[in-house]
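From just these sequences and the hints, can you work out the full model?
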Amino acid sequence: MIQTIRKVSILFLFTLFSSLHAQELLLEDFQKQEAKLLFGGFLRHGVFAFSRKEAPQEKGTLYSSHSTFRLNTDFEIPLNSAWLFKVSSGTDAEAAFTNHNDSSLAQALYFTYPKNRLLNLQKKYLSKDGMASVSVHHAYASLESDFVHFSFGRKVVSLGNGRMLNPLDLVTPIDVLTFDFESVPAADLASTTFFLSDTNFIELIVIPYRRLEQQEIHAKDVNYIARGSFSLSRLDLQLLGGKHFHADVIGMENTYSSDFALFRMAALYRKEPEFHGDPYLPNLSQSNVIQLVAGISKTYEKFSWNVEFFADLDKQRKRRLEVVKYNQAITAGQAIPYPNDETFFITAGRLITKNEIFMQTFFTASIISFFFRGISIVNSFGITCV
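By this note's numbering, the letter at position 204 of the sequence shown is numbered 204, and the numbering carries on one by one without gaps.
Take the hints with a grain of salt, since some may be wrong.
[As the list claims (entries may be wrong)] In silico BS3-like cross-links for lysine-lysine, where the CA-CA straight-line distance does not exceed 27 Å: (1) 315 with 243; (2) 315 with 271; (3) 325 with 123.
I should point out that these hints are in silico values taken from the structure, not numbers from a laboratory.
And the structure:
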């Protein structure tokens with residue numbers, strides 16, 4: 001996912017979020033051990049307004065209505081006293097309508113497919129009035145013990161603790177156009193986690209990607225991230241490193257939880273590869289990029305807020321943004337893919353910003369909430385300013 005933070009992005013959401021909790025269905029396996037089959041999900045409807053003042057080619061403010069119904073299925077069975085086997089899946093049915101379906105923002109939001117995953121697992125039905133789709137949001141299997149977890153399939157993995165300005169969130173990042181974590185696209189991956197204690201662990205994640213219109217997987221197109229998470233009293237530390245879309249990455253994050261608020265500092269170093277040879281795009285030399293974040297956040301029972309400052313120390317930022325815009329046009333079907341899909345691999349999964357230093361704030365509040373017979377309904381309002 002390409003993360004391009006715009007200078008002005010205002011998000012308004014009034015959302016109905018219904019969580020459906022089914023009772024556990026107990027099965028018996030051949031050894032008479034108890035297995036569990038659980039169903040759940042949600043129905044969410046959002047109304048959005050996106051300001052595009054810095055994009056004169058757009059037709060004013062984009063208004064959209066987006067509905068999602070997700071059915072979650074979880075199955076688990078103990079293999080013996082030490083190992084537990086789990087299978088989890090989530091299927092989405094979506095519909096979206098906008099006032100400018102032909103705008104590039106609407107195309108990027110609702111009318112395109114996630115690129116370069118191993119399996120598409122999504123079917124869209126497009127019309128001049130809107131979009132309807134059916135997709136597999138996540139589907140993975142895991143084998144778990146007290147000391148190690150093995151997982152394989154399509155799932156969401158969050159690295160770091162930041163909401164949007166989180167350069168460490170390299171596997172399934174959330175961007176400025178995503179309101180909640182349920183909307184984050186999952187990735188096809190395999191992971192192994194070793195637990196040193198209840199709060200300390202080491203994890204290895206491998207994420208292969210296919211080049212456009214190619215079936216084989218190239219070794220250089222495989223992302224692998226190793227991270228360690230360690231806690232001491234109110235202080236949490238995360239360290240990570242690896243290969244991420246042809247770039248070498250090293251990062252760290254510190255969070256401190258006080259009685260007043262949560263304080264966070266993060267840093268990521270990227271050794272970016274070179275890119276050249278296209279007559280219509282700028283050349284990019286091999287470069288060192290450093291991104292820094294410092295922020296404070298607070299969560300209450302009915303609302304939450306945060307303030308974060310972000311610095312993107314990249315001398316080739318403006319050139320890189322031109323490649324990002326070109327790759328976004330490819331995603332929206334408005335440009336021809338670059339040979340071997342190189343523009344995807346030098347822009348994907350990165351937090352690429354227009355400004356070198358800026359501030360982001362977020363506020364959300366639960367207006368009305370109640371619980372009735374296994375169904376929780378929450379009406380919430382949120383504003384994000386960058």
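Enumerated hints in conflict with the structure, sorted upward
Hints that this structure does not satisfy do not exist here, as all of them hold.
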